[in-house]
Amino acid sequence: GAVVSQHPSWVICKSGTSVKIECRSLDFQATTMFWYRQFPKQSLMLMATSNEGSKATYEQGVEKDKFLINHASLTLSTLTVTSAHPEDSSFYICSALGGSNYGYTFGSGTRLTVV
Amino acid sequence: GENVEQHPSTLSVQEGDSAVIKCTYSDSASNYFPWYKQELGKRPQLIIDIRSNVGEKKDQRIAVTLNKTAKHFSLHITETQPEDSAVYFCAAPYGGSQGNLIFGKGTKLSVKP
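Chains A and B supply the protein sequences, listed in that same order. Each residue of the first sequence is one higher than the last, beginning at 1 in my numbering. Each residue of the second sequence is one higher than the last, beginning at 1 in my numbering.
Calculated directly from the structure, the hints in this document are not laboratory data. Please note: incorrect hints may appear among the correct ones.
Here are the computed lysine to any residue pairs in the SDA-like style, where the Cα-Cα straight-line distance is at most 20 Å [claimed, not checked]:
#1 B:42 with A:9
#2 B:57 with B:46
#3 A:41 with B:111
#4 B:108 with A:9
#5 B:42 with A:2
#6 A:41 with B:39
#7 B:42 with A:11
#8 B:105 with A:91
#9 B:42 with A:82
#10 B:42 with A:51
#11 A:66 with B:11
#12 A:14 with B:43
#13 B:37 with A:20
#14 A:41 with B:110
#15 B:37 with A:39
#16 B:42 with A:58
#17 B:42 with A:8
#18 B:37 with A:1
#19 A:14 with B:46
#20 B:105 with A:1
#21 B:42 with A:68
#22 B:37 with A:57
#23 B:42 with A:73
#24 A:41 with B:57
#25 B:37 with A:40
#26 A:41 with B:12
#27 A:20 with B:43
Here are some chain A residues pointing at chain B (derived, C-beta under 7 Å) [what the hints assert, rightly or not]:
#28 104
#29 108
#30 109
#31 113
Just so you know, even glycine gets a beta-carbon here, dropped at the ideal spot from N, CA and C.
The shape of chain B in the complex, shown without the other chains (with noise of 0.2 Å):
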């Protein structure tokens, strides 16, 4: 199956500063990259994704990189605000780009003003 590994699991940065977040992944059949953003009981919200033909995509100050032959990807998140903070989960499909979606452990960031 897949196996997806996320760090770190805490990150804590000044308003301003810039985020990182990596992720590795198993399968070498997933395709879809996706990272969620998920604050306190609510539902994980898709903040950007990417596919593998792709090497990288940005929108504004969210950047997602792919490195499939590595099987790694990151989140970079720039100019942080305080309301970036929450907890960011990275995920990966099993078997290509429409099966089961399984996510990394997380990585709760904590913006400081």
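Okay, chain A solo, but in the shape it has when bound (with noise of 0.2 Å):
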């Protein structure tokens, strides 16, 4: 069946740091795909879809300086966290499209905790 790879899946980092996140197809092409945000005992929020070789489509809200999205392959994604703050302190979690269970994959998240 499809597997999406992502990591780190955990990770700390200090204030005003960068952090990437990545999410890898393994078995599969993903043409498309998607970025959630998750803060506890809450839902997923999408962030941002991102298609291969174009520029991501951020949603309302959402800060695309902060929040760089890169989709340089059809197997590889990537979610850089820019000048993190505690705020940003939350489970991200990408999804693939192009696998099996009618396309939507998802990667194991990351937990990433800013202090």
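Grab the two chains, each in its own frame, and use the hints to assemble them into the complex.
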């Protein structure tokens, strides 16, 4: 079946630094990848949609200059949280379109803690 | 855009009873409706889904029903077990089956032994 690998699974960083999260589709080509953020006890909130070779489409209220998304190949999308602040601490999870399960396959998520 | 409403936010049932979670959506173009189970700190796991060309789908103790006219779909879990305790999310894509997946706010299901 379709597998999406997400790294790192957890990261702690200092305020003001940047963190890069990778999302890879291991056995299929992902034409589209989605990035979600989930705060404790809340639902998954769509941040942005990325298509290979083009600029990401950001949801309202998500700062594109703070959350940089790159989808350089059909198997890799990255999310970089720039100048991280404690309020950016959250669970970030990607989803790739193009595999089984009718298209949506989730990564394992990244727990980001900014101190 | 798509607006997905999910109810209830919490649900507590006795082991062996049935649980029903309901969702409504707004985008009439949506034609794919998945349900996910998420345990704490883990990725959502697809448990069942339905496409708009059918009204009901069943997989052992889990079933999903869809009323496309009313724009609502429901998750039914029968003979609940303690291991069914988790947060359940419904979702619907905006703009067809290949669109952005928009999630409901989730239902925390607790099954008491």
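> residue 57 (chain B) and residue 46 (chain B): Cα distance at most 20 Å?
Replying inline: holds (14 Å)
>> Check whether the Cα positions of residue 42 (chain B) and residue 82 (chain A) lie no farther apart than 20 Å.
In response: Not satisfied, since the Cα-Cα distance of roughly 24 Å exceeds 20 Å.
>> For residue 37 (chain B) and residue 39 (chain A), compute the direct alpha-carbon distance and say whether it is at most 20 Å.
In response: This hinted pair holds, its Cα atoms lying about 16 Å apart.
> Within a Cα-Cα threshold of 20 Å, do residue 42 (chain B) and residue 51 (chain A) meet the stated pairing?
Replying inline: Not OK: residue 42 (chain B) and residue 51 (chain A) at ~25 Å, beyond 20 Å, violated.
> Going by Cβ atoms only, is residue 104 (chain A) closer than 7 Å to chain B?
Replying inline: holds (6 Å)
> Is the straight-line distance between the alpha-carbon of residue 37 (chain B) and that of residue 20 (chain A) 20 Å or less?
Replying inline: violated (27 Å)
>> Check whether the Cα positions of residue 37 (chain B) and residue 57 (chain A) lie no farther apart than 20 Å.
In response: Violated, because 27 Å separates the two Cα atoms, which is more than 20 Å.
>> With the threshold set at 20 Å, check whether the alpha-carbon distance from residue 14 (chain A) to residue 43 (chain B) stays at or below it.
In response: Violated: residue 14 (chain A) and residue 43 (chain B) sit about 25 Å apart, past 20 Å.
> If you draw a straight line from the CA of residue 20 (chain A) to the CA of residue 43 (chain B), is it 20 Å or shorter?
Replying inline: Cα-Cα ~19 Å, so holds.
>> So, as I understand it, the hint says residue 109 (chain A) touches chain B; can you test that by seeing if any CB pair is closer than 7 Å?
In response: At 5 Å from the nearest chain B Cβ, residue 109 (chain A) passes the 7 Å test, so the hint holds.
>> Tell me if the straight-line CA distance from residue 42 (chain B) to residue 2 (chain A) falls inside 20 Å.
In response: holds (17 Å)
> If you draw a straight line from the CA of residue 42 (chain B) to the CA of residue 73 (chain A), is it 20 Å or shorter?
Replying inline: Answer violated: residue 42 (chain B) to residue 73 (chain A) is near 26 Å, above 20 Å.
Of the numbered hints listed earlier, those contradicted by the structure are 4, 9, 10, 11, 12, 13, 16, 19, 20, 21, 22, 23, 24 and 31.
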